[in-house]
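Asker: Assemble chains B, C, D and E with the ligands onto chain A, guided by the hints.
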Amino acid sequence: MEPAIEVENLAHAYPGKPPVQAVMDVNMVAAEGEFVSLVGSSGCGKSTLLKVLAGLIRPTSGHASVDGQDATQSIGVAAYMPQGGVLLPWLRALANATLGATIAGVGRKEATSHARELFERFGLGGFESAWPSELSGGMQQRVALLRTFLTPRSTILLDEPFGALDAITRREMHAWLQDVWANERRTVLFVTHDVEEALTLSDRVYVMSKRPGTLVAEFRSPFPRPRGREIQTSPEFATLKGQLLDALEAASS
Amino acid sequence: MEPAIEVENLAHAYPGKPPVQAVMDVNMVAAEGEFVSLVGSSGCGKSTLLKVLAGLIRPTSGHASVDGQDATQSIGVAAYMPQGGVLLPWLRALANATLGATIAGVGRKEATSHARELFERFGLGGFESAWPSELSGGMQQRVALLRTFLTPRSTILLDEPFGALDAITRREMHAWLQDVWANERRTVLFVTHDVEEALTLSDRVYVMSKRPGTLVAEFRSPFPRPRGREIQTSPEFATLKGQLLDALEAASS
Amino acid sequence: MTVAIDLPRARLPGAGSAGRFLANYLPATLLLVALVGFWEAWVQVRNTPSYVLPAPSLVWEAFLRTRGTLPGHTLTTLNESLLGLGIGALAGVALASLMTSVAIVRRVLYPLMIVSQTIPMIVLAPLLTIWFGFGIEPKVVVVLLVTFFPVLVSTTEALLGADRNLIALLQSMGATRLQTLRYVLLPSALPGFFAGLRIAAAYAVTGAVIAELMGAQSGLGLYITRSNSAFRTDQVFVGIVLVALLSLALFAAVHIINRLATPWAFAGKGDNS
Amino acid sequence: MTVAIDLPRARLPGAGSAGRFLANYLPATLLLVALVGFWEAWVQVRNTPSYVLPAPSLVWEAFLRTRGTLPGHTLTTLNESLLGLGIGALAGVALASLMTSVAIVRRVLYPLMIVSQTIPMIVLAPLLTIWFGFGIEPKVVVVLLVTFFPVLVSTTEALLGADRNLIALLQSMGATRLQTLRYVLLPSALPGFFAGLRIAAAYAVTGAVIAELMGAQSGLGLYITRSNSAFRTDQVFVGIVLVALLSLALFAAVHIINRLATPWAFAGKGDNS
Amino acid sequence: SCGDDDGDGGDKLTPVTFMLDWVPNTNHNGVYIAKAKGWYEEAGLDVNIVEPGEGGVEQVVGNQTAQFGISAQEYVIPARAAGVPVVSIAAVIQHNTSSLMSLAEDGIEGPGDLAGHTYGGFGGPLERALIDALTECGGGDASQVQYVEVGQAEFLEGMARNQYDFVWIFDGWDGVRATELVGADVNFVRFIDNVDCIPDWYTPLIITSEGLIKDDPETVRAFLAATTRGYEYAMENPDEAATILLDAAPELDAELVRLSAEYLSTRYVEPGRQWGLQDEAIWTRFEQFLFDAGLIDEQIDVDAAYSNAYLP
Ligand SMILES: Nc1ncnc2c1ncn2[C@@H]1O[C@H](COP(=O)(O)OP(=O)(O)OP(=O)(O)O)[C@@H](O)[C@H]1O
Ligand SMILES: Nc1ncnc2c1ncn2[C@@H]1O[C@H](COP(=O)(O)OP(=O)(O)OP(=O)(O)O)[C@@H](O)[C@H]1O
Ligand SMILES: [Mg+2]
Ligand SMILES: [Mg+2]
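Chains as they are written, first to last, in the working numbering: chain A, 362 to 614; chain B, 362 to 614; chain C, 4 to 276; chain D, 4 to 276; chain E, 5 to 316.
One chain only, chain A, in its complex shape (with noise of 0.2 Å):
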């Protein structure tokens, strides 16, 4: 079978005099259900991968496919949540998180309906109609979360959904999606700062190396599911923690 995200040889250069070098050599997969995490320092060029496998950045070389469809030359194939949520200031917070399901082509109805539910999970309950000014950043948050979901792709990009998010929501926001995961087994690539939460959440982690950006390790993540507190505070993840953290302190410096 062929995997759901392949990335080969990827470099990207932004233009400017000089050009900077956001990410080189970039190699990795991620099978079809699988769940990947992408750590790495500030400016590393997590996002500018990201981007590339949503189809916003054409990269300067290399070659990268989602779902069998050639990212640098197709948009859309999956599902993305850029950094920092960005919602429309036009939209109420339901129509925002319906959004991408419309454009999709599915049925207002449905979107709307399925998304109703998910605000009352998601501690969004009452606030369905106001605007994202007066949200808070983590309402935001949450409500990209969730417009992310609702598209109908059998991959999702996360680009530090959780950043705003205090610990007891993150937990809960964890649950749900390690959930929903289960149930839907949709491919995930997730980028986050926090390598709990990595570990938590993925199957295997990669550790993006400073600016250019290239992937120096790769941890597999072996502990059984649901992965709550138990787990959490358990030796072997704490000792895991450890090393990926040195992992990235070393990439990092």
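Honestly, the hints are just simulated from the structure, not real lab data. Fair warning: there could be bad hints in the mix.
Said to hold, decoys possible - Label-pair distances were calculated between CB atoms; the ranges are:
#1 C:ARG185 to B:GLU393: 52 to 62 Å
#2 D:LEU181 to C:ALA255: 29 to 39 Å
#3 C:TRP42 to A:GLY487: 53 to 63 Å
#4 C:ALA256 to A:ASP431: 50 to 60 Å
#5 D:LEU101 to E:GLY215: 52 to 62 Å
#6 E:GLU284 to D:ALA256: 51 to 61 Å
#7 C:ALA255 to B:VAL577: 45 to 55 Å
#8 D:LEU115 to C:ASP166: 27 to 37 Å
Just so we're clear, the structure is a prediction, and the values are computed from it rather than from any experiment. By construction, the Cβ of each residue, glycine as well, lies at the ideal position given by its N, Cα and C atoms.
Answerer: Quick look at chains B, C, D and E with the ligands alone, frame taken from chain A:
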């Protein structure tokens, strides 16, 4: 000596149908030179409280003062970093970093030379003349943090300043922040969703309940400074962190 | 609630109370009354001949004297203005959408559009009459020509200035050009569109009045030129006041539609986030 | 580098190579040539009388015939246009700043500004000559009156639409009104200002031409009316072409200044973040 | 209202558009009378009057967008020189009624006094040629006349402010107003008093197109017949003529219209002569004047430019 920050029976409701009661019955203090953190679940009203202290929102009732000035009547008393950082798109990175100092009347030369040094230390070397849109999310956040610290105010309000930073960069920023704070002893009110971060940096940590947000618990972080990895991995730290998480969980449900 | 932000507060809909309404429009009204009073006094004291500047009282008399014919003239002009403005706004938005989605079209059309604004009436008038006759059509065409341009330019610039993050988001969803237009480009172009429409609204009535000089049976333009040729400066001023009032009404209508069409711009007002 | 975003790409400065330049302007030029060819053919085939629409070849002949006097006329008109546009733009920005910082001023002035756009030339012309005589001044005043308004309206709307987060940021720094204006309001109003200035630039030359009808010793308006009263439609078209070229040149100048003044709008172009 | 008489006449009326050169004024009296009295309908015409015709009456009539219009000899000649196929078919007023008006204080008693004074005008070449000729003829030095282009100015005010000293006016309208309405103390140098030096010429003319004359001469005849009746009526009943005009254009100044109608009633045509007749001599002399002054590049065939053949 009067406290640097003093909040009494503060309440704020955003107008609307129905109005959103963001915070209620908030009482808190921060002594001069104290480092105080605020944790709480997403949407509970942390940013609202900071905006009141920054003078940007006039609360529906209650009293708040910063450095002896009534925060409901004056503006610009504290240096404030809004959630998400917020840079001016038409200023290059360096000019954004010196903006607060410039507005406060610091000479351009002085501000610039100070900022240049910190750019290196913040891992932003070489990006002095980049436009904000050419910076990664985490780089933008660091520029905003820099701007806040270069603003010559004795009280600093930080709203999730490290939300977009990876573990390693974040650790570097922690080290820097402890350094600066030890030297300059400015009063800091620090909103974060990371409990560990709060305990590492703070003298005291307030826990805010879910909306309408009110302060339900207060923790003292007794560890000797500077607090590095050893302290974070000590059992005492783990215990306190567990208690704080429990309090947060209780406050959020 | 906001303490320090005067600007956004000033934009809040003046919803509701008569008191608020008064507070909003009293200063303008007072100034107007003062100006008119000053004008009357000036004319009386300086003894300015009425064919140079008639006193407001004379203008009022002229209004009463000719009020029988005024409704007809006003309606004609209003008709021409509204039709022309409506078609002009539609044409402006359509052209702007076209020009921003296909760069070549923009490069080809923009110069032509500018040229369309530079053709003097003196040349256009006989051609328009020859093509469209003496009915309402040539006037509507003139109003259209006057009004589509501001709408076109400011909508185009607003479309080009749309947030690239939002466009990228829509594209990452596989949105078609049309969907991107509908969900991102048009909403973010609304402020620009309305700025253009405001300018256009201020010009529409004047455009109709000018067009009536090409040959008409009725209209405020006719009323004004007839009065002018008879040296009835007082009546000329009646005509001008009516033109100004019509223009103000159109402008105010655009303002109200703008508010209704962009509710999000007035949300989150208890805050600055 | 961007794959899918046509819009922003289309905005990139056409920097550098002659090839790029050609690619940019070839379509417009080709279309223009085609249009002129079609026009010539149409007139020849339909035998349209030249008083209705002269053939381009006739217009060219008229240009050659009168080229001695044309530079003088053109310079006069250009002078009036540039001066009026410059002062008008300054006045528009100043008024917009004033109107947005003090809500009452806006409520009082906005209606007056609209009224200023509705006063027909027929009334204004005699007054202007009485006040300003027959020199360049009354023409500059007319151009000013025509051009300040689009700048005023779109700058005002852009100022009112400035990002409240940024305003709040500046205020939290204790910025004065002037500092907020300088660091947030004016930069974020630049796109709107330039949209208004574009519209104004397209009107400036036409405004000067119209003003010259009030009485002038030189200028393209004079050239056009003289030619028109002699039924020299071919010369009238020479005048129009010159007016159009001047307008296009002004428009293009605004475009270039816009690019230079807002470099950040063209940055981060290899990306959409 | 105007023009729509639903079906009581039986025969279908021929629709005809008549385009004015300006807003309605006493020059147009005959047309308004014929329309108000139903004489056009009797002649089988449904006449629709459009104003104010700043959009080039000659082009519009030449193109038959309007069938008839008001023009003047100084427009018909260059229009024909430029190929616009218009033909003058009636002179509304038999002689030129233009004058140069000045404030009495400037002491311009005759054409020679124009020298040393400033003319405020439209900047047309015809003005200069005429004023030069007048000045020289009165013994003045034409190079001593100054010119300013004032466009549409309120000339009494301009002269009072000494921005210029004399202007070109039409006796039957501006002249009547200045002397009888405003009561200004003014002098006139009348063109008609100086026909030794400058040509007399027809100012208001009724024009039609060569095409209509060729295709439908009957309509032209019918129109002129009814129009002639109208002007004859205006000569006899100036007061009623004024009333009819005011009904059609109530915005006009009633007093001015009445004074003007009274003034013109004796000037449309000399007693005993048929209204509308045009003299070849006047056409030829004025055409020659225009050519000599360089206002037309080539001379035109004067005979084709006007016709008395369609007058009743
Ligand atoms: N401008 C506004 N208008 C109306 N409601 C608002 C506005 N800003 C915030 N709110 C509401 O006030 C509540 C508190 O918001 P606030 O931004 O203070 O939360 P927070 O604690 O900072 O959350 P987060 O951690 O997600 O940033 C939320 O329910 C939010 O919906
Ligand atoms: N539009 C752009 N134009 C020029 N340079 C850019 C642009 N976007 C990003 N860069 C540069 O590319 C590098 C990588 O950026 P990227 O956003 O991919 O980092 P990241 O790993 O996502 O960082 P973070 O964790 O801070 O979000 C950075 O050095 C940044 O300055
Ligand atoms: Mg990133
Ligand atoms: Mg917040």
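Asker: Starting from the hint list further up, note which numbers the structure goes against and sort them upward.
Answerer: Of the numbered hints, all hold.
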